[in-house]
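Chains as they are written, first to last, in the numbering used here: chain A, 1 to 721; chain B, 1001 to 1077.
Simulated from the structure, these hints should not be mistaken for lab results.
Idealized CB from N, CA, C, for every residue including glycine.
There's no promise every hint is true.
As the list claims (entries may be wrong) - Listed next, with one range per pair, are the computed distances between beta-carbon atoms: (1) B:Q1013 - A:W316: 46 to 54 Å; (2) A:P188 - B:L1077: 32 to 40 Å; (3) A:T485 - B:R1004: 16 to 24 Å; (4) B:R1006 - A:E231: 44 to 52 Å; (5) B:Q1013 - A:T485: 30 to 38 Å; (6) B:R1004 - A:K170: 51 to 59 Å; (7) B:Q1013 - A:W419: 32 to 40 Å; (8) B:Q1013 - A:M500: 23 to 31 Å; (9) B:R1004 - A:W419: 33 to 41 Å; (10) B:R1004 - A:R687: 48 to 56 Å; (11) B:R1004 - A:E191: 43 to 51 Å; (12) B:D1059 - A:L459: 43 to 51 Å; (13) A:W507 - B:R1004: 37 to 45 Å.
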Amino acid sequence: MSDSGKPLKIALLGNPNSGKSTVFNQLTGLRQKTGNFPGVTVDVKEGRLRFPSGLEARLIDLPGTYSLYPTSSDEKIVTAVLTNPADPFYPDALVYIADVTHLDKHMLLFTQLLDLGLPLLLALNMSDSAAEQGIKVNTARLVAQFRIPVISISGRTGENIQKLLHELEKLIRNEPDASAGSEMVFYPLREQEKQVVDAVRHNLPIGNAYCALLLAHHHGWLPFLKKQERETLSAIVETKDFQSLRAQVDETLDRYDRFTPIVRKTIQQPFVSGGTATDHIDAVLTHRLFGPLIFFGVMLMVFMAIFFGYDTTGGWVENATGVLVDAVGNNMTDNWFSSLLVKGVLPGLQGVLVFVPQIALLFLLISILEEVGYMARAVFIFDKTMRRFGMNGRSIVALIGGGACAVPAIMGTRTISNWKERLITVMVTPFISCSARIPVYLVLIPVALPLSTWWTKALIFGGMYFFGLGAALGAAYVFKKILRTSDPSFLALELPEYRMPHWKNVWLTVWEKVKAFVAGAGKIIFMISIALWILGNSGPEGALDNAESRVRTEMSGSLTPEELNDRVAAKRLEASYAGIIGKGIEPAIRPLGYDWKIGIALLSSFAAREVFNGTMYTIYSLESVGAREEVEASNQRPFERYGRLRRQMTDDRFENGDRVYTLATGISLLVFYALAMQCMSTLAVVRRETGNWKWPIFQFLFMSGLAYFFAWLVYTLLPKV
Amino acid sequence: MQRRYRTIADLKQHESALAIAVTDPALAGKLTAMGVLPGTLIELVRPAPFGNAFYIKVDGIRLALREEEAACILLEL
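Chain A on its own, in the form it takes in the complex (with noise of 0.2 Å):
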C-alpha cells in the first residue's frame, strides 16, 4: 500500500502509434499538466484520475517505448523510473496499451513489464479499428495465460473507458502488492543472465529478477546509481563477461517466440489482399518527386495562414486593449498606480497578446499533422538533407515546431538518440523565426521600407523566414564539423497509418501549449513592464524635476502646448534610470545604427524578444503622453498597423539632427532580432535538456555574437536614408 494521504500513482506505458496520449487524454480531459518539479530531470505528463468510487490516483503518461534497452533519452525515461523505486514517478501500478490490430509487434515491451512484477492491466486499444477489419480478439484467453486483467477499449470513441477505470480500481484496492516480489515469469532467464542476477541481488537490495538484470545491462547510464553501485555492478557484468547487446537480442527474440503463438490463438485475423488507404496516400505522399513538392506546399500554406491570420486577429487584441487603456484612463484618477497601468502593464500585455492567436494557429496545425502521421513522412523524406547539416530526420520536426516556439520544438528533441545530431538540432532550432518574432517584424519592416509596395513587404516577411532557416542550417553545418561522437545514430521509425486527427487531441495540445505560453511570457513580460516604468520614471535625486524646469524655461513660448509636453516627456525619460542605462550602452550599440531608446528596447528583450513591442509602446508612450488619445482604424492590413508606434520611430532623430530610422538602422535591426538569443525560456529548456550551463551559455555567446556582426555588417553597406 502507497503511505497514508499520499495519491496512488499509475503509469501508462505503451509502443509509440499504441494511441497511448488518446487514452491519457480521455482519462484525464483538462486535469493534466507536464510535471516540471524540482530535482527531477525530466519531465512527465501527469493527470488526476477519479475513479467511479470516489478514489483518487496519479496517472502518470511514460513515453512511448518498444522495449525496456532504450536507445533515445525519452526512452530511457521509462527504464529509469522502472528500475528506481526511489524514483518520484515509480507507479504503484501499470496499465498498458497495446494496439490490438498489431499485437503480435506489441507485446515485447508488455511481456518485459510483466517481469517487473507491479501489477499490471493490459488494454487492448483500437477495438474500433479491429471491428472495422473484422478482428476478433479473445479476451478471455489472454486473462487465462497472464493472470491480469485485460479490456478492449478504444481511444477514439471512449469505449470501455469507464470499464478500464473500474478494473483499474479493483486491481489496485484488491492487492496492491501482491505480485511485487512474486517469481511467476514470463521469460525465463538463461545459465549466465541468472548468475549476473544472483550477484547483482547478492550485492544490492533489489527483490525483483529482471529489475536486477536491467540494473546490470543499463548500469553504465541510469541516472539513480550511486558511484559505488555503479562500480559494483560493472564488476559483475565483467567477472561473468555479460555481453550486454547480445543477450538484449537473445531475450527479445526468445519472448517474441514465446508469445506469438499466444498471440495466433487469441487473434482471429481476416485475410486481407490490396493496398490500404494509407498505401495510396503514401503513394503520392512519398514520392519521389511529389512528396517533397506537397511538404514545400504544405509549410507555405501553413505559414501563408499563420501571416493572413495576423490580418483579423492582431486588429482584435489591439482594439480590446485600447478600450481598456482609455477606459482605465478616462475612469480612474491621475496618480502613479493609473500611469503604471495605462503606461506600463498595458502596453507590455498588449505585446504579449497580439501573438496569442498567431501562436494557438501554429501549433493547431503542426499538431494536425502530427496526429494526421504527416510529421513521420518529413522525417522520411528529409534525414539525408538533415544528416548532411549533421541533424537526423527527426530534426525537421524540430525546426517546424520552432516555428511555432523553440521551447517545446527542443522538447521534442528528445527522439533523437545520437547526442550530437540532438544537440546541433537543440542548438539552432531557435534560429527558426518563432511567432514572437511575427510582431516585430511586422513592426520594423514598414519602418525600415515606409515606401515600399505592400507585396515588397509581405517579400520581406517571407525572406526573413528563409534567413532564420539559412542561418540555422548554416550553423548545423559548422557545428557538424566540430563536434565529434561516437553514439549510434538512428532513423528507424515507424510510419504510423494515417488516421483523422483525434479532435480531442489536438485542442488539448493546443491548450496545453498556449497556456504555458502565455504564463512563461506573460509572467516576464510583465514583470519587466512594471522594471521599465519604474526606471523609466525615476532618477538620480532631483535630475527627472530638473530637467522638467529645464525644458520648459528653455522653450517656453516658442512651443505649443502639447509640443512642449511632448519634449518635457522625452527630457524626462532621458534623465531617468532608464535614460542613463540606455544611454551607457549607447556607445556599444551605434555601430549598429542604433540609439538608446533602441538599447533599453534591446536590453529587455534579452529576456524575450516579444517584448521588443512593448518595450517600444512604453518608451513612446512615456514620452508623449498626448499620442495615445489617436484612435486607430481596425481595418488595416498587417504592415499598416502599429502606425503610431511606427510614426512615432519614423520621426525620432539622433542628438545631431539625423533621423534614426533609416533603411540601414530598420534592416539592421532585423537582422539583430532573427539572430539573437533573445528568450530566457529557451536558455532555461536548453539547460534542462543538456544537463548544464555550458551550452546555453554557449548559445547565447555565439548567437548574439553572430546577430552583431552582421547587423553591424548591414548597417555599415547599407545607405542611411
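Keeping the supplied structure of chain A fixed, place chain B upon it in accordance with the hints.
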C-alpha cells in the same frame, strides 16, 4: 565471392523477401524490438525521395530505415 544472402538494397520496388538474420548487434536490438525478426517477410515499398533510406513493410507495420540500418538485415536469396 558469391553472397548467400541479399539485402533490402537488392530488392526491386514492391518486392518481398524473408529475413534470415539481423547482424549488427547495436542495431539488432532496436530493429527486433520494432518487429524486424528473422523469419518475417520484408517488402521494399520505395526508396526515399533523396535516397539514403528505405520505406519498408514488415507484417503490416511500415518502417523507415537508413541504408546502413537496412544493410544489416540479411534476406533470403
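Results for each hint:
no.	hint	result
1	B:Q1013 - A:W316: 46 to 54 Å	holds (52 Å)
2	A:P188 - B:L1077: 32 to 40 Å	holds (35 Å)
3	A:T485 - B:R1004: 16 to 24 Å	violated (35 Å)
4	B:R1006 - A:E231: 44 to 52 Å	holds (46 Å)
5	B:Q1013 - A:T485: 30 to 38 Å	holds (34 Å)
6	B:R1004 - A:K170: 51 to 59 Å	holds (55 Å)
7	B:Q1013 - A:W419: 32 to 40 Å	holds (35 Å)
8	B:Q1013 - A:M500: 23 to 31 Å	holds (29 Å)
9	B:R1004 - A:W419: 33 to 41 Å	holds (37 Å)
10	B:R1004 - A:R687: 48 to 56 Å	holds (52 Å)
11	B:R1004 - A:E191: 43 to 51 Å	violated (31 Å)
12	B:D1059 - A:L459: 43 to 51 Å	holds (50 Å)
13	A:W507 - B:R1004: 37 to 45 Å	violated (55 Å)
In summary, the numbered hints that this structure violates are 3, 11 and 13.
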